[in-house]
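Q: Spelled out, the chains give:
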Amino acid sequence: MIVSTTVDRTSATSPVISIRGVNMVFTGQGGQETHALQEVNLDIRKGEFISLLGPSGCGKTTLLRIIADLLEPTYGSVSVFGRTPRETRLNQKYGIVFQSPVLYEWRTVRNNIRLPLEIMKIPKAEQNRRVDEHLEMVGLTKFANSYPHQLSGGMQQRAGIARALAMEPELLLMDEPFSASDEFTREKLNEDLLRLWQISKKTVIFVTHNISEAVFLSDRVVVMSPHPGRVSKVIDVDLPRPRSVESTEFFSLYSTIRHGFEGVFHQP
Amino acid sequence: MRNNIVAVTILWILGLVIAWESGAYLLSGPLQDPLAASKLPYLHAVLATMLANAGVLLEAASVTFSQAAVGFLLGGLVGYLLAVLMSVSRTAERIAFPYLIISQMIPVLGLAPIIFNLVRDMNASRIIIAAYITFFPVAANTLSGFRSVEVEKRQLLYSYAAGKLTTYAKLMVPFSVPYLFAGLKIAAPLSVTASILVDMLGSRNGIGVKLLYALYGGNMDIFWASVVTSSLMGIASFLVIAAMERLLVPWQVSLQSARRAA
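Residue numbers (the numbering used here), protein chains in the order written: chain R, 95 to 362; chain P, 226 to 487.
Chain R with its partners taken away, still in its complex shape (with noise of 0.2 Å):
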């Protein structure tokens, strides 16, 4: 057994996720071809939440995706768990939360966090003990049978986080969860799902192109810019949480990334 004597936590522990020259090449209708991603590589260690921030097609939501396997790279390899992204879905290893809450609306909030449960066949006492654990530790234990459409928009949004976390995924891949909500929700479901990495501890991986909720919520920010998608610069946020927004480090770092930003869209 390898005792590793580095007080790095980070790189302390072998990365759970390794991304190796990956590329993405989408090829559209008339046969032009867009590059979304060129050669990316990137290490995830376990129970780190990584941020992928960066503009609009810049390849953020893709590389999830692939991780996801709910897309195919061109070329280049992936690794989650050890093993391909396909066998790490048909082993039920993620939990995934879209832009978009995607609930159910014929199933109650209760029985849409049950949802994944029932197809992972666990058993209906365990099921029952799980959903009630992650719909009070959400705060939506009063609406559990409410339909979705009779919850607020970060309602439904924290719901379909709950359904994540009661499959006690490993890894939680998370493709903008907040973009759709204003500032004040935002900055409450940022806390409120930093709180629940901090008690479970979870690789996450978190899409965003808003640099504050990158610096708020990472160990680490992957910057990737667009044309063609690729990874610019990984971040190293050492900050103690929780994190304010207003402190002078944090502010510095904020600059750091917008600054880097803004070197890409001035290239000629």
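Because the hints were derived from the structure by calculation, they are not lab data. All C-beta atoms in this analysis are idealised placements derived from N, C-alpha and C, irrespective of residue type, glycine included. What you were told as hints is all true, and nothing was included just to trick you.
Pair ranges (Cβ atoms, derived):
#: 1; chain 1: P; residue 1: 344; chain 2: R; residue 2: 124; range: 52 to 58 Å
#: 2; chain 1: P; residue 1: 468; chain 2: R; residue 2: 150; range: 44 to 50 Å
#: 3; chain 1: P; residue 1: 374; chain 2: R; residue 2: 262; range: 25 to 31 Å
#: 4; chain 1: R; residue 1: 168; chain 2: P; residue 2: 339; range: 54 to 60 Å
#: 5; chain 1: R; residue 1: 235; chain 2: P; residue 2: 279; range: 53 to 59 Å
#: 6; chain 1: P; residue 1: 374; chain 2: R; residue 2: 150; range: 24 to 30 Å
#: 7; chain 1: P; residue 1: 238; chain 2: R; residue 2: 230; range: 50 to 56 Å
Add chain P to chain R, keeping to what the hints say.
A: Chain P only, in chain R's frame:
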């Protein structure tokens, strides 16, 4: 909201009664139309005839209606299975769809005697024609329901590694229920009309027979009573389906009222 619906319904019925009665008065009174009783008799007179002949009318109606119902259920089932088949396989859709379209080109008036000559049984003919009328709106609407399922709803199940059967059970079928009901609501009154039509093609009983005999015999009271009975059958069939929809699709009904309120 609830009171509002009741008020609207009462107003609607009241409007119909007033329009009908004043129309009948206009024909028989000021216009002195000698054919007033056959063109538009008083509603209260028609209702009185219906009451006086309630037994006969109900018996005839129940023959027609029950066979329309059986045909409706049969056609609904066939239509639904066709929709499932076409949604599962594009090839099946390409093969089946032209036939479905052609089937709607054949006039029922021409088809009914053909069916009767084939099966030589009035009851079976009624059922087959009612089913024939029903299956298309059900198949077309349900298929459009299957096709309307959002991509992300499917991807969610895909991320859970759900199989095809599970995908239908958990997503496609419940999602398409409101679409199925849209088809059923169109088909229900049509299946009643179809059953009445078959009555008229030489049946011994059924409301269509009453209608036809009264028309040929010049018995305008019975004719109008039969017409109103027939329409009530169509309305009843629609209301039954609408009530079932309220029961089986509670999320959809409350969704609609939420949208209306917004």
